[in-house]
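*Asks:* When you get a sec, could you build the whole thing from the sequences and use the hints?
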Amino acid sequence: MNMSISWILTCGAFIFFMQAGFTCYEVGFIRSKNIISVAIENLLTFMIVTVLYCIFGFGFMFGESFHGLIGTGFIGLSGLDAAGDAAYSYAFMQTMFAAASITIFGGAMSERSRLSALLAGAAVSAVVIYPVFGHWAWGSMVTGTSGWLEKLGFMDFAGASVVHLTGGFIALAGIITAGRRKDTGPARSNIPFAVLGVFILWFGWLGFNGGSLTELSSRAGLMVLNMTLGAACGMAGALAYHIIAGKKGNYLVFIFDGILGGLVAATACSYYCSPAGAAALTFITGVFVAAVHYLLIKLGIDDAVDAVPVHAAGAVSGLLLMPLFMEQHFIEAGSRIEQLGIQCLGILVNFIWAFGIAYIMFRIIDRAGGIRVSPEAEEKGLNITEFEDIYSWEKYMEKSGYETQINEKNRLLRKQARLLAVTEEQEKDKIRRELHDGVGQSLAALKVTLGIARGRQHNEEIIDNAIHMADETIQEMRAVLNSLNPPRLEQGLESALRAMAEGINRIEGVTCRVFAAGDMPAFENTAALNIYRVVQEACSNAVKHGNASDIDIDIKYEGSRCIFEIKDNGKGFHVSDKQFGMGIPSMGDRIRMLGGRFTIYSTVGEGTRVVAEVPCDERKNQDFSCR
Numbered sequence: 002m003n004m005s006i007s008w009i010l011t012c013g014a015f016i017f018f019m020q021a022g023f024t025c026y027e028v029g030f031i032r033s034k035n036i037i038s039v040a041i042e043n044l045l046t047f048m049i050v051t052v053l054y055c056i057f058g059f060g061f062m063f064g065e066s067f068h069g070l071i072g073t074g075f076i077g078l079s080g081l082d083a084a085g086d087a088a089y090s091y092a093f094m095q096t097m098f099a100a101a102s103i104t105i106f107g108g109a110m111s112e113r114s115r116l117s118a119l120l121a122g123a124a125v126s127a128v129v130i131y132p133v134f135g136h137w138a139w140g141s142m143v144t145g146t147s148g149w150l151e152k153l154g155f156m157d158f159a160g161a162s163v164v165h166l167t168g169g170f171i172a173l174a175g176i177i178t179a180g181r182r183k184d185t186g187p188a189r190s191n192i193p194f195a196v197l198g199v200f201i202l203w204f205g206w207l208g209f210n211g212g213s214l215t216e217l218s219s220r221a222g223l224m225v226l227n228m229t230l231g232a233a234c235g236m237a238g239a240l241a242y243h244i245i246a247g248k249k250g251n252y253l254v255f256i257f258d259g260i261l262g263g264l265v266a267a268t269a270c271s272y273y274c275s276p277a278g279a280a281a282l283t284f285i286t287g288v289f290v291a292a293v294h295y296l297l298i299k300l301g302i303d304d305a306v307d308a309v310p311v312h313a314a315g316a317v318s319g320l321l322l323m324p325l326f327m328e329q330h331f332i333e334a335g336s337r338i339e340q341l342g343i344q345c346l347g348i349l350v351n352f353i354w355a356f357g358i359a360y361i362m363f364r365i366i367d368r369a370g371g372i373r374v375s376p377e378a379e380e381k382g383l384n385i386t387e388f389e390d391i392y393s394w395e396k397y398m399e400k401s402g403y404e405t406q407i408n409e410k411n412r413l414l415r416k417q418a419r420l421l422a423v424t425e426e427q428e429k430d431k432i433r434r435e436l437h438d439g440v441g442q443s444l445a446a447l448k449v450t451l452g453i454a455r456g457r458q459h460n461e462e463i464i465d466n467a468i469h470m471a472d473e474t475i476q477e478m479r480a481v482l483n484s485l486n487p488p489r490l491e492q493g494l495e496s497a498l499r500a501m502a503e504g505i506n507r508i509e510g511v512t513c514r515v516f517a518a519g520d521m522p523a524f525e526n527t528a529a530l531n532i533y534r535v536v537q538e539a540c541s542n543a544v545k546h547g548n549a550s551d552i553d554i555d556i557k558y559e560g561s562r563c564i565f566e567i568k569d570n571g572k573g574f575h576v577s578d579k580q581f582g583m584g585i586p587s588m589g590d591r592i593r594m595l596g597g598r599f600t601i602y603s604t605v606g607e608g609t610r611v612v613a614e615v616p617c618d619e620r621k622n623q624d625f626s627c628r
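The opening residue of the sequence shown carries number 2 in this note's numbering; numbering runs sequentially from there.
If you're looking for bench data, these hints aren't it; they were derived computationally from the structure. Positions of the beta carbon are idealized from the N, C-alpha and C atoms, including for glycine. The reader is advised that the hints may include incorrect statements.
[Stated by the list, open to error] Beta-carbon label-pair distances, calculated as ranges: (1) 48 x 375: 25 to 33 Å; (2) 204 x 65: 29 to 37 Å; (3) 336 x 220: 46 to 54 Å; (4) 275 x 302: 33 to 41 Å; (5) 330 x 244: 32 to 40 Å.
[Said to hold, decoys possible] Okay, derived cross-link-like pairs now, BS3-like style, lysine-lysine, Cα gap no bigger than 25 Å in a straight line: (6) 152 x 183; (7) 299 x 183; (8) 568 x 545; (9) 381 x 183.
*Replies:* Below is the structure:
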């Protein structure tokens with residue numbers, strides 16, 4: 002066969018540009034949360050196919066035929082320069098054919114399949130599935146030694162079976178193995194982008210069919226016209242089926258499916274048919290493509306981009322109708338019926354080979370590492386789970402209501418910050434009062450006592466009083482210091498509370514006990530300090546205002562909450578009548594800030610009970626929310 006280097010390279014470039022069309026179409030056709038996965042998968046698939054097809058696939062497809070079954074030679078493209086001046090150009094174009102075929106199934110399986118599974122499938126397809134059938138149908142293109150289907154007279158001018166039928170059947174095996182998506186409702190995220198993809202594919206298809214001429218000839222114009230007619234008539238046929246059958250739903254899918262299905266059918270016949278024949282053939286194909294679309298829905302087979310109706314059904318229709326509409330002198334078999342029989346055989350062989358091997362392949366991949374992402378990953382979108390895209394995270398949070406939750410969380414955190422600031426000022430005021438009313442007054446009395454002692458000769462009693470005052474002042478100062486820096490809090494909240502109880506017993510002469518049911522959770526530092534302050538304030542109030550002689554601090558657990566209960570035998574008060582200072586409101590604010598509840602129970606003459614409930618779970622209370 003004569004080959005024109007410039008023509009082949011130009012057509013190869015057109016086919017290469019179809020990768021952009023596939024990407025735009027698929028990205029526009031699926032949910033926005035998965036578009037990064039699809040785009041990157043197309044890039045990586047193209048890389049894998051290019052490398053593996055050049056190393057193995059081209060030789061298996063176009064090398065010297067071994068009994069019509071597989072090509073031998075050209076491994077790693079070695080020895081290809083001896084096949085003619087245009088051999089490398091032809092290898093480039095055929096690599097683009099292979100990439101186009103293998104790209105097909107990835108789109109069909111999108112939105113629920115692991116990237117690693119898709120790439121593994123692409124590798125096997127590039128080395129085994131695609132080139133072996135390609136040899137059976139096209140084996141003579143370089144060495145002149147034919148594959149067994151080609152010897153029988155099977156006809157496929159530009160790859161309807163080799164490229165599209167193979168890709169469509171691999172897609173069918175993949176989507177059956179992967180199963181249905183969780184959400185099979187309308188998924189199209191960007192229709193204009195999908196339209197752009199269709200136009201790019203349509204444009205690239207000119208090189209797809211034109212490249213099969215291997216050189217510019219007088220029928221090139223006819224092929225271009227037939228392909229344009231094929232796209233238009235395919236769309237008309239799909240829409241006609243949709244309208245006449247009375248189907249409900251969005252008709253946009255039939256515009257896309259009809260155009261692309263018509264182009265696939267024209268791939269088989271554009272060289273062999275008159276414009277009228279091509280128009281009739283592709284119109285029927287559009288009807289068939291639409292019918293297969295509905296059939297897949299009825300069977301529960303989930304094809305994300307309608308790859309099976311477009312590529313498999315479109316190819317089947319074009320290959321079977323071609324003997325009926327092609328010009329008589331092109332028929333390689335004895336009659337149209339005989340040619341139809343050979344075409345049926347080629348389709349059946351492709352199904353057994355491409356679908357069968359692909360199904361086994363995907364089952365093995367599924368057993369080995371899983372072909373499908375987790376339900377959680379599918380819900381979030383593959384942009385997030387496989388590529389950690391920040392923008393997709395933001396969109397997901399907005400859609401799922403997480404943004405609202407975060408805003409509410411931020412509002413509560415700001416509230417907590419204000420409460421902390423107020424509490425800090427309250428603590429400062431309390432310390433100032435204690436220093437003024439306690440330590441300050443004691444020091445003033447001590448000064449007066451020492452002044453009296455200075456003017457008297459027999460002053461032992463006065464000095465003893467002064468020493469006693471000094472001791473009391475020291476104890477008060479220690480109490481203030483302890484309140485500033487609770488002892489042993491770094492050793493845990495329970496340890497700090499027991500130390501506080503010991504101090505109350507020693508300093509105040511009050512019986513204070515701590516009872517803990519089980520091991521206390523490791524509270525976060527801020528939470529532990531706030532709980533300590535609440536218990537400390539409750540005990541202080543019991544001693545100073547309740548005149549209590551007995552205090553019990555009970556710590557127990559109910560579900561995911563830790564309960565601190567401080568009981569005293571003091572004089573009590575009417576809770577409803579009590580005009581609280583800043584101490585008790587501050588206690589309530591601290592507990593509510595931790596997401597807990599604060600309650601005071603008191604009866605005159607029977608003492609007071611303070612109950613503080615705070616969350617405690619396996620996260621060790623590092624994340625609190627106000628309730």
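*Asks:* List, from low to high, the hint numbers that the structure doesn't satisfy.
*Replies:* Numbers 3, 6 - these are the hints that the structure violates, sorted from lowest upward.
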